[in-house]
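A.B. asks: Single-letter residue listing:
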Amino acid sequence: MTAMGDVRRQRIDELAARAGQVPEGEGGVSLVRSAFRRLRRNPVAILGAVIVVVFLFVAAFAPWLAPRDPLAQTLLSEVRPGFIPGAQEGFPLGADQLGRDLLSRLIYGSRQSLLIGVVSTVLGAVVGMALGVLAGAFGGWVDTVVMRFIDIILSIPSLLMAISISVLLGQNQYALMIAIAVTQVPVFARLLRGSMLAQRGSDYVLAARALGVKRGRIVFGHVLPNSLSPVIVQGTLSLATAIIEAAALSFLGLGDPDIARPEWGAMLSTAQDFLSVRPELAVWPALCIIVVALGFTLLGESLREALDPKFRR
Amino acid sequence: MSIEALPPEGALRTDVPVLEVEDLSVTFARRGEQPTRAVDGVSFSVAAGETVGLVGESGCGKSVTSLAVMGLLPRRGVQVGGSVRLGGTELLGAPDRTLRRLRGAEMAMVFQDPLSSLNPTVPIGTQVTEVLVEHRDMGKKEAATEAAELLDRVGIPDPTRRLKEYPHQLSGGMRQRALIAMALACSPRLLIADEPTTALDVTIQAQILELLRELVVDSGTALVMITHDLGVVAGLCDRVHVMYAGKVIETADRHDLFARPRQPYTGGLLASVPRLDAGRGIPLTPIRGSARDAIPWAEGCAFAPRCDNAQDDCLTEVAGSTVPLEYDGPGRELRCRHPLTHPSSTAGATSSGSTASGAGR
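Chains as they are written, first to last, in this note's numbering: chain A, 1 to 313; chain B, 1 to 361.
Careful: at least some of the hints might be erroneous.
As the list claims (entries may be wrong) - Straight-line Cα separation of at most 30 Å, DSSO-like style, residue types lysine-lysine; simulated pairs:
#1 Lys214(A) <-> Lys140(B)
#2 Lys214(A) <-> Lys164(B)
#3 Lys214(A) <-> Lys141(B)
Rather than coming from a laboratory, the hints here were simulated on the basis of the structure.
Between the sequences and the hints, there should be enough to build the whole structure, so can you do that?
C.D. replies: This is how it looks when you write it as structure tokens:
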């Protein structure tokens, strides 16, 4: 019986010793990492991520993925008034009104759409966040000035604003990016300012002040990191809007005039003349726009859930 | 005297009490609103190694007093009057830079809710080292070693691992220990603890109080304990100031206060502490009414509407003057015209003895 007791005691000691040890690298679970873990378990997030990754992949490797040159008018001889060649051997989606391979044009089009979307969102986010930090960190009259400026931008309808800017800056893709970026600025600025103001009144900021931490360190070390999650979420959602807006501006004829770069919005625009002949010409680019926007939106929404403290644990 | 010109070390005098608060008043005045006087003529002082308690109900001005001492009240819409001296140096009206340098280094504060007082997105270690880097000019590595030592000193096991963890991974008691470690990182001369045990359960409360007591005794830190818990007062404080509606209404040594409460409010507080030996079915004896029933001090004793001893001359219009804070025997001060009397000292001692132990848990 005593032997039995000894064994048990030994076993307990063993377990206790093991409980005391912590596997390497598990000391602290950062919020980003735990958010990522939650994201991985969410099927909606997976779907959004898959869509986004597929399109990014396609855009990155367009020259290798596209079956043909998007500009070569291979099937021009078959195009007649009232007839545009459909799917056939070597042309899975058929050709457009100028005899160019539709699939290749869609694949190359993803480059332009994603590029404009990403660049303009990043630009808008950076400028917007800078303004937001300025307003949120200083408060007082700085806050008032910045926010009235933002209100002015916000009071102009975003499409009207984008059209005016691209008209002002001339017709090129950079003008398009800047135009879309400007319409994104107010959202980021307001969002960051609002969440920074909310954090500034929190107990840990008071506690940090009570310990004599410098103001710059409180703003950038404490307030900003806690205010970023809504901005990150807004970033992914803004990507979707930026892509749609880029397509809309191209559709209105304000896009990149360089025909060497196919773009979904521009494709949609030219396809409207041939809707009765071959509606697929409009359907495919439209579908691409919708699916990419959906991908970013799904990812953004699940990111919001993953970063929301209410869903934590 | 320019505070800036003084060397950072030894800038504060040691021949005066660590903290002297004189006639402190805080008025909140927002535009278009009636100004509210949250603290009114509060005076007290704390010597090195001494623990002073500020006791009172919610809203009596104890937390505002502590924030005013630390200079943490917002500038706009708040008027602070009187004098607050830390080691002889006047803090009210001192420039922000001076205050920031003193906060954390010479005076520190521990707050009520340990979870919300820690930044949820930053590891504990970063938050502890921050103070060391800020005030003690330490390098990152040196600060990390020192931080581990600090956590060890406040009784957090496996400190090196804990430093990498986030606040939500620590238990409530450990969080409060971490906060105390941060507050004591630079061995401040003054520590203000604003209800440090309210958010913790009772067993942890006792540990935290014990820890605070040890630290105060070891380092000679002056401790201001803000609490509504008479058990905390009984266990920790040397002197007690009871506050009501922004004013100090009774001051006494701990033993005196528990043995012979003079202000009916203090008496009510002591009587309302639940007692384990009271037996079942015996109702608690609360103070009737609530803190909102106070009348302005200018019109009379703020506690009069809830007081059993109140008489006509508690009102200013009858007595012709407001109720003053007066000498009430050695080491005692009292703001009351009809204090509780304790007929025989022996009877008072026995009854109060049980009260004190009941309150002291």
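A.B. asks: Taking the numbered hints from earlier one at a time, note which ones the structure violates and give those numbers from smallest to largest.
C.D. replies: none
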